[in-house]
Amino acid sequence: MATTDTALEHHVHEHDHDGDAWSGAQSPFKASYGKLMMWYFLLSDAFTFAGFLITYGALRFSSPTWPVPDFVFATDPFGISATLGKAPLIFVTFMSFLLIISSVTMVRAVQEGHRENKNGVLIWMILTIFGGLGFLGCQAWEWTNLIGGENMSLTRNTFGTHTADGYYLDHEGKKSAETFRHGESYLIHRHAAEAGHGESHEAGHGAAHEYKPGDQAGYMMDDQGFIHRKYVYADGPLKGQTQTEQFGPRAFGALFFFITGFHGFHVFSGVVFLVIIALNVASGVYAARKNGYEMVEKIGLYWHFVDLVWVFVFLVFYLL
Amino acid sequence: MSHVSYEQSKKNVVKGLILLAVVTLIEVVISLFGKGHIFKGVHGNVIVLAICGLLITAFSLYKAYFIVYEFMHMKYEVKGLAMSVLLPTLLLVWAIIAFFQEGNAWKNRREDVQKRNAQPITPAQEGSLLSPDTYQMDWKG
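If you're matching them up, the sequences are chains V and W in order. Be aware that the first sequence starts at 1, since it is given in our numbering, and climbs by one per residue. Be aware that the second sequence starts at 1, since it is given in our numbering, and climbs by one per residue.
In case anyone wonders, no lab produced these hints; they're calculated from the structure. Certain hints may be false.
To be verified - Partial chain W-side listing against chain V, Cβ under 8 Å, derived:
1. Val22
2. Asn45
3. Ala50
4. Glu77
5. Leu92
6. Trp94
7. Ile96
8. Glu102
To be verified - Residues of chain W clear of chain V, computed beta-carbon distances all greater than 12 Å:
9. Phe39
10. Ile47
11. Gln114
12. Gln119
13. Pro120
14. Ile121
Stated by the list, open to error - Calculated lysine to any residue pairs in the SDA-like style (CA-CA distance at most 20 Å, straight line):
15. V/Lys298 x W/Ser9
16. W/Lys40 x V/His162
17. W/Lys10 x V/Asn119
18. V/Lys174 x V/Lys118
19. V/Lys298 x W/Tyr65
20. W/Lys11 x W/Phe66
21. W/Lys40 x V/Thr161
22. V/Lys35 x W/Lys11
23. W/Lys40 x V/Tyr33
24. V/Lys298 x V/Phe257
25. V/Lys35 x W/Phe33
26. W/Lys10 x V/Thr105
27. W/Lys79 x V/Leu279
28. W/Lys15 x W/Leu86
29. W/Lys79 x W/Ala64
30. V/Lys298 x W/Ala64
31. V/Lys298 x W/Lys40
32. W/Lys11 x V/Ile101
33. V/Lys239 x V/Tyr168
34. W/Lys15 x W/Glu70
35. V/Lys298 x V/Gly284
36. V/Lys118 x V/Ala282
37. V/Lys86 x W/Phe33
38. V/Lys118 x V/Arg289
39. V/Lys118 x V/Thr105
40. W/Lys75 x V/Ser32
Since the structure is predicted, the reported quantities are computational estimates derived from the model, not experimental observations. Even for Gly, the Cβ is constructed at its ideal location relative to N, Cα and C.
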């Protein structure tokens, strides 16, 4: 090993006699027990996440249509979507940056730990904690928007997808100027009176009209107050027939909330661990151990893993 | 632990940050391009979508490699450790192929069931059949 960093030399035992192996003095793979086990825990966790994401893929493949992510995730709290009309993937890209930055501050904390610089470790860990909390805040906003604003739930997916080009019918059931293309998604809105607390309709979705329950000429309002608009396909096997908007694949909501929730819970646990270890750093426990703040390195591994998983959640849910 | 000086490793961290941020931005741009947000003409083109999907996946795998090898210091660990953690993940390659194939088969079977349900039943068949609600799948998705 090079000699610029002296930390961690202490517990890397380079024994030549086998006798010590039986007393546990030898570290397999020249890593401490804790670090090695952290790696194997992360491997098992990777399989759990892979199981979830592969389930998402299998169900997506099994479904004739799937909500388009850049339509579903096109809102943000900064007012970009309000000004431009849509902001596909902008907010979630911001969330990714937060995690990347918090991963980088964690690397700095580990580096300062190797130099036994207590204050340095503390400052970079606190920045990492803020990154994690920021990410959780963003996720809370995203979930609130999906559940409260767009009425998504574990069993109800308000985002459907058209399978051919066509046009919408207006309030009276006549052809309107509003057209759509094959593969475009739509959101089924809930009638304001039924929704209870102030859900606002987007402009251009007939907000000025009075909606009546039941099957009407231009729409169908179901008993929960959802307004299924009517449209006509201009090509495909259903050409010329009047269709009513249907809810999208039911599995979407459950998959989204379980998988991003499971990842969010990892972030949350990570923040809790970071706080505990930052307190220990501040108390001087790790300085006394003189092992280059190995505990910080271990929680660092976990934190990078959370970032690593997000790379794939981001890929599967938002980009593809 | 580290094979480079403290100053150098501090610079490497900044480089890593820029690299990950730029790769993420490239991914988002490719994704939006494939969905027709940048050029309208691209919309619905299956080949473009497939190429974009492959590119984004490749970039994501590169990001994963970078995080594991640089940030998690896997490149400074002994080879045995790296292999004992990384090789088992190759099992996932088979899981991905198998389950995506399976998902596709569910879709085909579902379409088949719908097609057959739409066909009229001949009087000869009728006597030997169960009532429709015992076997028909009511697919609401």
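Against the structure, the hints:
The interface hint given for W/Val22 is violated, since its Cβ lies 11 Å from the closest Cβ of chain V, which is over the 8 Å cut-off. A least Cβ separation of about 10 Å between W/Asn45 and chain V goes past the 8 Å threshold, and the interface hint is therefore violated. The interface hint given for W/Ala50 is broken, as the beta carbon of that residue sits about 10 Å from the closest beta carbon of chain V, more than 8 Å. Satisfaction of the interface hint for W/Glu77 is found here, the shortest Cβ-Cβ separation to chain V being roughly 6 Å, below the 8 Å cut-off.
Given the 8 Å rule on beta carbons, the hint for W/Leu92 holds: about 5 Å separates it from the nearest Cβ of chain V. Hint status for W/Trp94 relative to chain V: violated, with the closest Cβ pair at about 11 Å, above 8 Å. A hinted interface residue such as W/Ile96 counts as satisfied when its beta carbon comes closer than 8 Å to some beta carbon of chain V; here the least separation is about 6 Å, so the hint holds. The restraint placing W/Glu102 at the interface with chain V holds, with a minimum CB-CB distance near 6 Å, inside the 8 Å limit.
Residue placement check: W/Phe39 keeps its beta carbon more than 12 Å from all beta carbons of chain V (closest about 14 Å). W/Ile47, annotated as away from the interface, keeps every beta carbon of chain V farther than 12 Å; the closest lies near 14 Å. Under the 12 Å C-beta cut-off, the non-interface status given to W/Gln114 relative to chain V is violated; the minimum distance is some 10 Å. The claim that W/Gln119 lies off the interface holds: its Cβ sits roughly 16 Å from the closest Cβ of chain V, which is beyond the 12 Å cut-off.
Every CB of chain V lies more than 12 Å from the CB of W/Pro120, the least distance being 18 Å, so the non-interface label holds. Its beta-carbon lying about 22 Å from the closest one in chain V, W/Ile121 satisfies the requirement of being farther than 12 Å from that chain. Of the supplied pair hints, the one linking V/Lys298 and W/Ser9 holds, its CA atoms being roughly 19 Å apart against a limit of 20 Å. Of the pairs offered as hints, the one joining W/Lys40 and V/His162 holds, with about 18 Å between alpha carbons and a cut-off of 20 Å not exceeded.
Between W/Lys10 and V/Asn119 the alpha-carbon distance is near 16 Å, which keeps this suggested pair within the 20 Å criterion. Distance restraint check for V/Lys174 and V/Lys118: the Cα-Cα separation of roughly 72 Å exceeds the 20 Å cut-off, and the hinted pair is therefore not satisfied. For the hint pairing V/Lys298 with W/Tyr65, the CA-to-CA distance comes to about 19 Å; that is within 20 Å, so the pair holds. Between the alpha carbons of W/Lys11 and W/Phe66 the distance comes to roughly 16 Å, so the proposed pair stays at or under 20 Å and holds.
Proposed proximity of W/Lys40 and V/Thr161 is supported: the alpha carbons are some 18 Å apart, at most 20 Å. Taking the CA atoms of V/Lys35 and W/Lys11, the gap is near 25 Å; set against the 20 Å cutoff, the hint is violated. Between W/Lys40 and V/Tyr33, the direct Cα distance comes to roughly 55 Å. Violation of the 20 Å bound is thereby established for this hinted pair. For the suggested pair V/Lys298 and V/Phe257, the alpha carbons sit about 29 Å apart, so the restraint of at most 20 Å is broken.
Of the pairs offered as hints, the one joining V/Lys35 and W/Phe33 is violated, with about 42 Å between alpha carbons and a cut-off of 20 Å exceeded. Pair hint W/Lys10 plus V/Thr105 holds up; C-alpha atoms about 11 Å apart against a cutoff of 20 Å. With a C-alpha separation of about 34 Å, the suggested pairing of W/Lys79 with V/Leu279 is violated against the 20 Å cut-off. Of the supplied pair hints, the one linking W/Lys15 and W/Leu86 is violated, its CA atoms being roughly 25 Å apart against a limit of 20 Å.
At most 20 Å may separate the alpha-carbon atoms for a hinted pair to count; W/Lys79 and W/Ala64 meet this at roughly 18 Å. Among the hinted pairs, V/Lys298 with W/Ala64 is consistent with the structure: their alpha-carbon atoms are about 18 Å apart, no more than 20 Å. With a C-alpha separation of about 48 Å, the suggested pairing of V/Lys298 with W/Lys40 is violated against the 20 Å cut-off. A threshold of 20 Å between alpha carbons decides the hint, and for W/Lys11 with V/Ile101 the separation of about 15 Å falls inside it, so the pair holds.
Simply put, V/Lys239 and V/Tyr168 have alpha-carbon atoms about 13 Å apart, close enough for the 20 Å limit, and the pair holds. For the proposed pair W/Lys15 and W/Glu70, the alpha carbon gap of about 11 Å is at most 20 Å, so the pair holds. At roughly 17 Å between alpha-carbon atoms, V/Lys298 and V/Gly284 fall within 20 Å of each other, so this suggested pair holds. Distance restraint check for V/Lys118 and V/Ala282: the Cα-Cα separation of roughly 7 Å lies within the 20 Å cut-off, and the hinted pair is therefore satisfied.
Note on V/Lys86 and W/Phe33: the hinted pairing holds, with a Cα-Cα distance of about 15 Å set against a maximum of 20 Å. Of the supplied pair hints, the one linking V/Lys118 and V/Arg289 holds, its CA atoms being roughly 12 Å apart against a limit of 20 Å. Simply put, V/Lys118 and V/Thr105 have alpha-carbon atoms about 15 Å apart, close enough for the 20 Å limit, and the pair holds. Pair hint W/Lys75 plus V/Ser32 holds up; C-alpha atoms about 16 Å apart against a cutoff of 20 Å.
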